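Going down the list, the protein sequences come from chains F and G.
Quick note: numbering that gives the first Met the number 0 has the first sequence finishing at residue 228, numbered continuously throughout.
Quick note: numbering that gives the first Met the number 0 has the second sequence finishing at residue 303, numbered continuously throughout.
Please note that the accuracy of each hint is not assured.
Heads up, simulated DSSO-like pairs for lysine-lysine below, C-alpha to C-alpha not over 30 Å straight-line [as the list claims (entries may be wrong)]:
| hint | chain 1 | residue 1 | chain 2 | residue 2 |
| --- | --- | --- | --- | --- |
| 1 | G | Lys208 | F | Lys94 |
| 2 | F | Lys132 | F | Lys94 |
| 3 | F | Lys64 | F | Lys94 |
| 4 | F | Lys130 | G | Lys208 |
| 5 | F | Lys94 | F | Lys130 |
| 6 | G | Lys54 | G | Lys137 |
| 7 | F | Lys109 | F | Lys94 |
| 8 | F | Lys94 | F | Lys58 |
| 9 | G | Lys208 | F | Lys73 |
| 10 | G | Lys54 | G | Lys105 |
| 11 | F | Lys58 | F | Lys73 |
| 12 | F | Lys109 | F | Lys64 |
| 13 | F | Lys64 | F | Lys205 |
| 14 | F | Lys132 | G | Lys208 |
| 15 | F | Lys73 | F | Lys132 |
| 16 | G | Lys208 | F | Lys64 |
| 17 | G | Lys208 | F | Lys109 |
| 18 | G | Lys137 | G | Lys105 |
Going by beta-carbon spacing under 8 Å, a handful of chain G positions derived as facing chain F [unchecked claim]:
| hint | residue |
| --- | --- |
| 19 | Arg1 |
| 20 | Ala2 |
| 21 | Phe4 |
| 22 | Arg209 |
| 23 | Glu210 |
| 24 | Ile213 |
| 25 | Met214 |
| 26 | Leu216 |
| 27 | Val217 |
| 28 | Ala219 |
| 29 | Ser220 |
| 30 | Thr221 |
| 31 | Phe223 |
Calculated from the structure, these hints are not laboratory results.
Computed from a predicted model, the values in this text were never measured in an experiment.
Where is the CB? At the ideal position from N, CA and C, for every residue including glycine.
Listed below, chain by chain, are the residues.
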Amino acid sequence: MIRFENVTKVYARGARPALDRVSLDVERGEFVFLVGASGSGKSTFLRLVMREERASAGKVFVAGKELGTLSSWKVPHLRRQIGAVFQDFRLLPTKSVFENVAFALQVIGKPRHHILTTVPDVLDMVGLAGKEKRRPHELSGGEQQRVAIARAFVNRPSILLADEPTGNLDPTTSLGIMRLLDRINRTGTTVVMATHDDEIVDQMRKRVIELSTGEMVRDQSRGVYGSDR
Amino acid sequence: MRAQFILSEIGIGLRRNLSMTISVVLVTFVCLTFLGAAALLQAQIDKMKDDWYDKVEVSVFLCPANSAAPTCAAGEVTQEQRDDILAALDSPQVAAFVQEIYPESKEQAFEAFQRQFGDQFWASAATAEDMNASLRIKLTDPEQYQVVADVVSGRPGVESVEDQRRLFDNLFLVLDRATWAAGGLAAIMLLAAVLLITTTIRLSALSRKRETGIMRLVGASTLFIQLPFMLEGAIAATLGAALAIGGLWLGVEYLVTDWLGQSVTWIPYVSTADVLTIAPLLVVVAFVLAAISSLVTLSRYTKV
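Just chain F, same shape as in the assembly (with noise of 0.2 Å):
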């Protein structure tokens, strides 16, 4: 599903690859946890699989594209394949929870019939029925961040990408967040998720890449956060 070969992206001339030649597969309906420290790489790697960059070096495959060669306006139709999930949720202030999910599948033109029965259902899915008219400020970081990933998953992406997405939640709130990516990945959908939470990288036992200061330093199927345990 997502390929890296050799991969090194350099942001300014001169500087310290932000990757260094970054070799990785991660198949269809895999669940993996990018850990390392901050500066380490995690979110440049999510930002290259969503070609909002362009790698220096190497080639990036995803869905069976080369993103290197792909012409900037099939790019949408590549993110249209990718949800995406951040620590600070960015949903939009003004709209409620039911036109926040419907306002990605708006924007990329579907029909009305079709975003009124599958935004319910979505809501629904993360645990949100009856809060659809809910603004994003009445609700709680755990239920904004569902609001998030309802928002990432209505299209039925592919690939979830989520960078920190436990980083602004307590830790019973980090865990409901864990089980519901989870069922998302049961779907068939493969996660990546890039995070600093110790615990729930051992808890749930997937595969672990770590990155160090832009080089890939582990692969571990069913691994923990920390290599020395």
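Dock chain G against chain F, hints included.
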């Protein structure tokens, strides 16, 4: 769904930056009014040229009895000299430019003089002997005055050659300069309009950065993201153009047709029909303004 969504986005954008939107409308209005005024002035000049150049003639004044001009040293023009001048005008190199020659005798000139100035006290002393006999030449193309003048001036019996067109040239010069002034102001306002629309679109894009960010994230196409901004600029600019056309229409209707047309009647004036002729031009300029501004701004602020 799409059209409805885009329309609501435009509405939000225009309302959120209401004061900027109004300033874009006003600047475009002023700018296009100047541009339209320049175009109307040119139309006015063309109309007057069309009307007057048909009527103007070249006058070849023949020598009177006592003239100080060197070509009149031999005294009053003789029949022989007159025939000579007419023969020159009939020569192959100028005949093509001459449409018609009307000879005017001293008596006829005196009559015309009396008709025009007979009631003036200073004219009462004049007699037919004070008048010049002349040849009035109607040209096929009034612009070719110089060719004809060169052939006859300096010949014995010709005191002077006068092109009536010269009388209007100063007026046309003034109008022409006014056109340039209006055009220059229009150009400056045009620049101001582009900068202002650019800033407005940029503000609008920045204030909706969160929305456009999410749009990019979920895979909305570039056109879909940028269209509301482009249309916002286009709507504001078109409103400005509409105001400019309305302003020019009122100006021509009340200032030119009703006021000038009533008080100075011998000039053919531009009419509201001319305003409608230049209206599409103004709308196109407004659209191009908005398009240029959008392209410059959006490629930088809503990049995919």
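Now the hints, each set against the structure:
A threshold of 30 Å between alpha carbons decides the hint, and for G/Lys208 with F/Lys94 the separation of about 15 Å falls inside it, so the pair holds. A C-alpha spacing of about 9 Å is found between F/Lys132 and F/Lys94, which places the hinted pair at or below 30 Å, so the restraint holds. About 34 Å separates the Cα atoms of F/Lys64 and F/Lys94, which puts this hinted pair outside 30 Å; it is violated. With a C-alpha separation of about 26 Å, the suggested pairing of F/Lys130 with G/Lys208 holds against the 30 Å cut-off.
The straight-line distance between the Cα atoms of F/Lys94 and F/Lys130 is roughly 13 Å, inside the 30 Å bound, and the hint therefore holds. Among the hinted pairs, G/Lys54 with G/Lys137 is consistent with the structure: their alpha-carbon atoms are about 8 Å apart, no more than 30 Å. The hinted pair formed by F/Lys109 and F/Lys94 meets the criterion: a straight-line CA distance of about 18 Å does not exceed 30 Å. Pair hint F/Lys94 plus F/Lys58 does not hold up; C-alpha atoms about 39 Å apart against a cutoff of 30 Å.
For a cut-off of 30 Å, the pair hint linking G/Lys208 to F/Lys73 stands: about 22 Å separates their Cα positions. With a CA separation close to 22 Å, the supplied pair G/Lys54 and G/Lys105 stays within the 30 Å bound. The suggested pairing of F/Lys58 with F/Lys73 holds, with an alpha-carbon distance near 17 Å, which does not exceed 30 Å. As the CA atoms of F/Lys109 and F/Lys64 are separated by approximately 24 Å, the hinted pair is consistent with the 30 Å bound.
Proposed proximity of F/Lys64 and F/Lys205 is supported: the alpha carbons are some 26 Å apart, at most 30 Å. Taken as a hint, the F/Lys132 and G/Lys208 pair is honoured in the structure, with Cα atoms around 24 Å apart against an allowance of 30 Å. The hinted pair formed by F/Lys73 and F/Lys132 fails the criterion: a straight-line CA distance of about 34 Å is larger than 30 Å. Distance check on the hinted pair: G/Lys208 and F/Lys64 sit about 29 Å apart at the alpha-carbon level, within 30 Å; holds.
Of the supplied pair hints, the one linking G/Lys208 and F/Lys109 holds, its CA atoms being roughly 22 Å apart against a limit of 30 Å. A hinted pair counts as satisfied when its Cα atoms are at most 30 Å apart, and G/Lys137 with G/Lys105 qualifies at roughly 19 Å. Evaluation of the G/Arg1 hint against chain F yields a held restraint, the C-beta minimum of about 5 Å falling below 8 Å. Hint on G/Ala2 is violated. Least Cβ distance to chain F is approximately 10 Å, over the 8 Å limit.
Residue-level restraint check for G/Phe4 holds (minimum Cβ-Cβ distance to chain F is 5 Å; threshold 8 Å). Because the beta carbon of G/Arg209 sits about 6 Å from the nearest beta carbon in chain F, less than 8 Å, this interface hint is met. For G/Glu210, the shortest C-beta to C-beta distance to chain F is roughly 6 Å, which falls under 8 Å, so the interface hint holds. Satisfaction of the interface hint for G/Ile213 is found here, the shortest Cβ-Cβ separation to chain F being roughly 6 Å, below the 8 Å cut-off.
The interface hint given for G/Met214 is met, as the beta carbon of that residue sits about 5 Å from the closest beta carbon of chain F, less than 8 Å. A least Cβ separation of about 6 Å between G/Leu216 and chain F falls short of the 8 Å threshold, and the interface hint therefore holds. Below 8 Å, beta-carbon pairs count as interface contacts, and G/Val217 has one with chain F at about 4 Å; its hint therefore holds. With its C-beta approaching chain F no nearer than about 4 Å, G/Ala219 sits inside the 8 Å limit, and its interface hint holds.
Interface restraint check for G/Ser220: the shortest CB-CB distance to chain F comes to about 5 Å, inside 8 Å, so the restraint holds. Restraint check, G/Thr221 versus chain F: the minimum CB separation of about 7 Å is within 8 Å; hint holds. Interface hint at G/Phe223: satisfied, since its Cβ lies 6 Å from the closest Cβ of chain F, which is below the 8 Å cut-off.
Violated hints for the displayed structure, listed by number in ascending order: 3, 8, 15 and 20.
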